[in-house]
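These are the residues of each chain, in order.
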Amino acid sequence: MNNDNKIKGKDLINIGIYAAIYCVIMTCIAMLGYIPIMMPLLAVFCPLIGGIPMMLFYTKTKKFGMITIMSVIIGIYLWVTGMGIYPAIFGVVFGFLADLVAKSGGYKSFAKTVLSYGVMCLMIFGNYLPLFIDREGYFASREKFGQEYVDTLGGIMQNWMIPVLIIASFVFGVLGALLGKALLKKHFIKAGIV
Amino acid sequence: MGRSILQASVTDRGLVLDPRTKILLLLNMAIFVLGSAGGGRVQALTPLFCAMPAVLLLSAKKWRTAITYIILFSVSYVGYAVFGDITTGFLHYFLLSCCGILARFLPSIMMGGYLVSTTTVSEFTAAMLKMKLSEKIIIPLSVMFRFFPTVFDEAASINAAMKMRGIHLGGKNAGKILEYRIVPLMTCCVKIGEELSAAALTRGLGGEVRRTNICNIGFKVQDFIFITVSIVPYVLWILDIVGI
Numbered sequence: 098m099n100n101d102n103k104i105k106g107k108d109l110i111n112i113g114i115y116a117a118i119y120c121v122i123m124t125c126i127a128m129l130g131y132i133p134i135m136m137p138l139l140a141v142f143c144p145l146i147g148g149i150p151m152m153l154f155y156t157k158t159k160k161f162g163m164i165t166i167m168s169v170i171i172g173i174y175l176w177v178t179g180m181g182i183y184p185a186i187f188g189v190v191f192g193f194l195a196d197l198v199a200k201s202g203g204y205k206s207f208a209k210t211v212l213s214y215g216v217m218c219l220m221i222f223g224n225y226l227p228l229f230i231d232r233e234g235y236f237a238s239r240e241k242f243g244q245e246y247v248d249t250l251g252g253i254m255q256n257w258m259i260p261v262l263i264i265a266s267f268v269f270g271v272l273g274a275l276l277g278k279a280l281l282k283k284h285f286i287k288a289g290i291v
Numbered sequence: 125m126g127r128s129i130l131q132a133s134v135t136d137r138g139l140v141l142d143p144r145t146k147i148l149l150l151l152n153m154a155i156f157v158l159g160s161a162g163g164g165r166v167q168a169l170t171p172l173f174c175a176m177p178a179v180l181l182l183s184a185k186k187w188r189t190a191i192t193y194i195i196l197f198s199v200s201y202v203g204y205a206v207f208g209d210i211t212t213g214f215l216h217y218f219l220l221s222c223c224g225i226l227a228r229f230l231p232s233i234m235m236g237g238y239l240v241s242t243t244t245v246s247e248f249t250a251a252m253l254k255m256k257l258s259e260k261i262i263i264p265l266s267v268m269f270r271f272f273p274t275v276f277d278e279a280a281s282i283n284a285a286m287k288m289r290g291i292h293l294g295g296k297n298a299g300k301i302l303e304y305r306i307v308p309l310m311t312c313c314v315k316i317g318e319e320l321s322a323a324a325l326t327r328g329l330g331g332e333v334r335r336t337n338i339c340n341i342g343f344k345v346q347d348f349i350f351i352t353v354s355i356v357p358y359v360l361w362i363l364d365i366v367g368i
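Protein chains in written order, with the numbering used here: chain V, 98 to 291; chain B, 125 to 368.
Same shape as in the complex, but just chain V (with noise of 0.2 Å):
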């Protein structure tokens, strides 16, 4: 690995910035889930939206490694905000093949990146993990929230989902990173940002 292919101070620093961009979005928009046929809908927005700071993100990568780390520490944060420990692995795992994906296209193939990002989206799943995997436990530590909410939120989440939710994810990734380029070109480079 030569000098220039080595991560540096300003791309650690780059990577903490988006993040904290992309986790603040994140949040608001996680901050819908509370009504319960929102929930689902997460794994559309999420990644629609969080695609405008990632294709920004993925102009000033250039090196391996900066996907992996950008995607293990929100798997972080989504831990410490309560979505248990999936999102963290499944960080590590997608953010992983994200970079490999990002890096056949040398950083800078159109195809590629917008791939990527689609890919990096699939940690979204990990956020409802649990609810299948522990379906009772998880209902259990809901119920707080009104009998409502759980009956509701059972009725929609049923096993059929999960391939749903895979594919919604991935597919609305995609779309969220084509929404992030015409952005780019509306905005960004206009205004020498890029």
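Calculated from the structure, these hints are not laboratory results. Treat the hints loosely; a few may be bogus.
[Said to hold, decoys possible] List time: in silico DSSO-like cross-link candidates among lysine-lysine, alpha-carbon distance up to 27 Å:
id, chain 1, residue 1, chain 2, residue 2
1, V, K157, V, K103
2, B, K260, B, K315
3, B, K256, V, K103
4, V, K159, B, K315
5, B, K344, B, K185
6, B, K315, V, K282
These numbers come from a predicted model, not from an experiment.
Chain V is fixed; fit chain B onto it per the hints.
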């Protein structure tokens, strides 16, 4: 506004805990209060955990925040018990879920707020270094740690500015919320971030040599007390699994 609440000041802060203790407490919060892990006996302890942020905030001389927290939490806790019996239908659902959600999330939010507002970035970094974490994780985390207040601050200002232009939920330009909020937010944050990274680089962050740190962190009596308390649920949990 957010800055004055969330930014740590070094002077006049009462009881000082080691950042590692604070991180442990925050994790406990996430696992046992938010995550509801550990079964019956541990869950019986949750009121104790919920009281912890209040004690900590008081010990750190954050009177206003502490009192707001105590009032809000007790109202939602009591409200949950009272409204559950006397209301029905939609009102029942609405009140219950409001109180339930508040009672569940407030303690952790307060604990996070306590961690951020009483720890300087240097102390945080020093603690992480002592935990022998890789610099690749420490730097982004501490930048994020420093950056959260800024992002919230900017978001609030942009919020206000856009509200004036009718770009808010229920306003006449509600459809533009996404673009007109996120784009300026990111532009601001990226600009601030660039300055931040220039400042950090001049201080030698990410250099080849190991950085030194003058922050005097270490476990003291108060840390041991809090650590002992936070180990209790794990012990109970293990006892539960073993079957005693």
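For the pair supplied as a hint, K315 (chain B) and K282 (chain V), confirm whether the alpha-carbon distance does not exceed 27 Å. holds (18 Å)
Agreement of K157 (chain V) and K103 (chain V) with the hint, judged by alpha carbon distance not exceeding 27 Å: holds (14 Å)
Has the given pair, K159 (chain V) with K315 (chain B), been kept, meaning a C-alpha gap of at most 27 Å? Cα-Cα ~20 Å, so holds.
CA of K256 (chain B) to CA of K103 (chain V), is that 27 Å or under? Since the Cα atoms of K256 (chain B) and K103 (chain V) sit roughly 21 Å apart, the hinted pair holds (cutoff 27 Å).
Would the hint linking K260 (chain B) and K315 (chain B) be met if the CA-CA limit is 27 Å? holds (22 Å)
Straight-line alpha-carbon gap K344 (chain B) to K185 (chain B), limit 27 Å: holds (19 Å)
Taken one by one, the earlier hints all hold for this structure without exception.
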